[in-house]
Amino acid sequence: MTSEYIKPIPIIQTWTEQFWKAAKEHKLLIQVCEDCQTRIFYPKKVCPECWSSNLTWEEASGKGKVYSFSVMQDMVEPKFWADIPYVLAMVDLEEGIRLMTRIVACDPEAVEIDMEVEVVFEDITKDCALPFFKPAA
Amino acid sequence: MGEGLAIIGIGEVPTAIMPERSRWDILYEICLQAVRNAGIDKNDIEGVITVAPQAQPRLSAEISFGKLPEELGLKGCRDVCICNAGGASTSNCIRMAEQWIESGLARIVLIPHVTVHSSIPLEDLINFFATAGIDLQWEYPFGTTYNGILAMMTRRYMYETGTTEEEMASVVVALRKWATLDPNSFFYGKEVPTIEKVLSSGMVSSPLHKRECNILADGGGALVVTSRKLAAQITSTPVYKLGESARFFSAFTMTRDNDVVGEGFRDATHEALDQAGLSKKEIDIWNIYLAYPVGHPMLMESIGLCEKGQAGKFFREGHTWPGGSLPWSTIGDAIGRGHTGSGVSMATYVETARQLMGQAGQRQVKEAQYVFQNTSGGSGMNFIATVWGREIP
Ligand SMILES: [Zn+2]
Numbered sequence: 001m002t003s004e005y006i007k008p009i010p011i012i013q014t015w016t017e018q019f020w021k022a023a024k025e026h027k028l029l030i031q032v033c034e035d036c037q038t039r040i041f042y043p044k045k046v047c048p049e050c051w052s053s054n055l056t057w058e059e060a061s062g063k064g065k066v067y068s069f070s071v072m073q074d075m076v077e078p079k080f081w082a083d084i085p086y087v088l089a090m091v092d093l094e095e096g097i098r099l100m101t102r103i104v105a106c107d108p109e110a111v112e113i114d115m116e117v118e119v120v121f122e123d124i125t126k127d128c129a130l131p132f133f134k135p136a137a
Numbered sequence: 001m002g003e004g005l006a007i008i009g010i011g012e013v014p015t016a017i018m019p020e021r022s023r024w025d026i027l028y029e030i031c032l033q034a035v036r037n038a039g040i041d042k043n044d045i046e047g048v049i050t051v052a053p054q055a056q057p058r059l060s061a062e063i064s065f066g067k068l069p070e071e072l073g074l075k076g077c078r079d080v081c082i083c084n085a086g087g088a089s090t091s092n093c094i095r096m097a098e099q100w101i102e103s104g105l106a107r108i109v110l111i112p113h114v115t116v117h118s119s120i121p122l123e124d125l126i127n128f129f130a131t132a133g134i135d136l137q138w139e140y141p142f143g144t145t146y147n148g149i150l151a152m153m154t155r156r157y158m159y160e161t162g163t164t165e166e167e168m169a170s171v172v173v174a175l176r177k178w179a180t181l182d183p184n185s186f187f188y189g190k191e192v193p194t195i196e197k198v199l200s201s202g203m204v205s206s207p208l209h210k211r212e213c214n215i216l217a218d219g220g221g222a223l224v225v226t227s228r229k230l231a232a233q234i235t236s237t238p239v240y241k242l243g244e245s246a247r248f249f250s251a252f253t254m255t256r257d258n259d260v261v262g263e264g265f266r267d268a269t270h271e272a273l274d275q276a277g278l279s280k281k282e283i284d285i286w287n288i289y290l291a292y293p294v295g296h297p298m299l300m301e302s303i304g305l306c307e308k309g310q311a312g313k314f315f316r317e318g319h320t321w322p323g324g325s326l327p328w329s330t331i332g333d334a335i336g337r338g339h340t341g342s343g344v345s346m347a348t349y350v351e352t353a354r355q356l357m358g359q360a361g362q363r364q365v366k367e368a369q370y371v372f373q374n375t376s377g378g379s380g381m382n383f384i385a386t387v388w389g390r391e392i393p
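Here the protein sequences line up with chains V and L, keeping their order. Per our numbering, the very first residue in the first sequence carries number 1; after that it's consecutive. Per our numbering, the very first residue in the second sequence carries number 1; after that it's consecutive.
Only chain V is shown next, with the shape it has when bound in the complex (with noise of 0.2 Å):
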């Protein structure tokens, strides 16, 4: 499988270690401050609000809503032809922030803005899981 994978696996910073390790592990982390408890999305060295280095994680619930989506058909690179047509999705967790990701196990043409999802992890490689979201059971 890791010699097969030729999309970009995410280039990873040492203060993201954390979040991708359990994304192996099928957990979805959000980085928070312990100064000034905001949620932080994506992660960073020091918190964009206050600048404190006290920065801690917590479990999402994994359960958000669709934000936007694009259902992509046409001029991606040859690396993401075997995928098309795929949704590319920004995604609201419950918890406040939004992410970048793909929806996936349903039909693209039944997404919608603000349709409940949850997260599914996908393994890239055996190092790299990918939080996709489905539709919420």
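Hints listed in this document are in silico derivations from the structure and should not be mistaken for laboratory results. Note that beta-carbon positions come from the ideal geometry of N, C-alpha and C, so glycine has one too. Watch out, some of these pointers could steer you wrong.
Stretches of chain L that chain V covers, calculated by requiring three or more beta carbons in the stretch to come under 8 Å of a beta carbon on chain V [what the hints assert, rightly or not]:
no., segment
1, 110-122
2, 140-147
3, 193-205
4, 253-262
5, 365-375
Which residues of chain V face chain L? A few of them, derived with a C-beta cut under 7 Å, are [as the list claims (entries may be wrong)]:
no., residue
6, Ser68
7, Asp74
8, Tyr86
9, Leu88
10, Leu130
Once you've looked at the hints, dock chain L with the ligand against the given chain V.
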């Protein structure tokens, strides 16, 4: 604002896919044109500030290290610099020129831009445009593209305002109405598509169709700028910079709300108008550079030129077309011009000056006195609003 700045000369080559026309062919052509258009001697140029060409590393290096004044024999040149803020670069070149002029470093500054996409190896081109302004950790692995993120912004805008896909397509029609009259446009003289034609052009990233996305092309343009005082002595058609403001939003779309963008559009626009001492009603042309259709109705509504959800109708009714009540993007933005990397902002400034100099040919808006112009960089990271005039109000 001290002495203030004015554009006194413009030069431009047609936007086209023409790999046989080299970057230096274009640089010679636009610089000679702009200096001649200003009616000055080449040795009057005391500074050269060039728009950073995207994805053209050899050219960037040559220009960064002073090849332009060398090549053109600009004997009066005191300094040289390159300036990069993506699609907002030209605005920053102008700001820097203003500072050089006010400080006395240079009295007259040349600001060129060139991009030749068609001779960039395809792999480099894809690589650059697939990842510039897109985060490699949080966006790119999911298959994010420029078309994809703008498609998501478009869908959200349509959802929030009830704008229809026909209305969105009519923005393309409006932009192409201007482009077909522009000898420097990729679409010059070409038939303007109907709404139906735009919508039948094949889905790229829903809801964006092919004709709602940009074509990469080659092009270049140049400005000659100086102080207001000197401008009035040199030329009978000075184009004065009257006001400016800006807002930064975010590097990436996932961290950007349509609401925040709308507020930024509104505030920066009003601040620039206030600085110019003008009201919206006094603006004769709105020269907008937002690259994709969605920015146009968003901006029109945000700044109160029509009510929320009404801009689509306004475009569809033809009010922004040549001859309409609200001349809007008189080169047709990147959709109408062809996308030249960091060059559409230059093309828009050249057009602003051209209109105010009365040199816009078939697109000339009669008695145009004041123009509002914006630029924007990256995936829409910021919004720079400027106001220009034939006269100082
Ligand atoms: Zn904090």
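**In rising order, the numbers of the hints this structure does not comply with** = 1, 5
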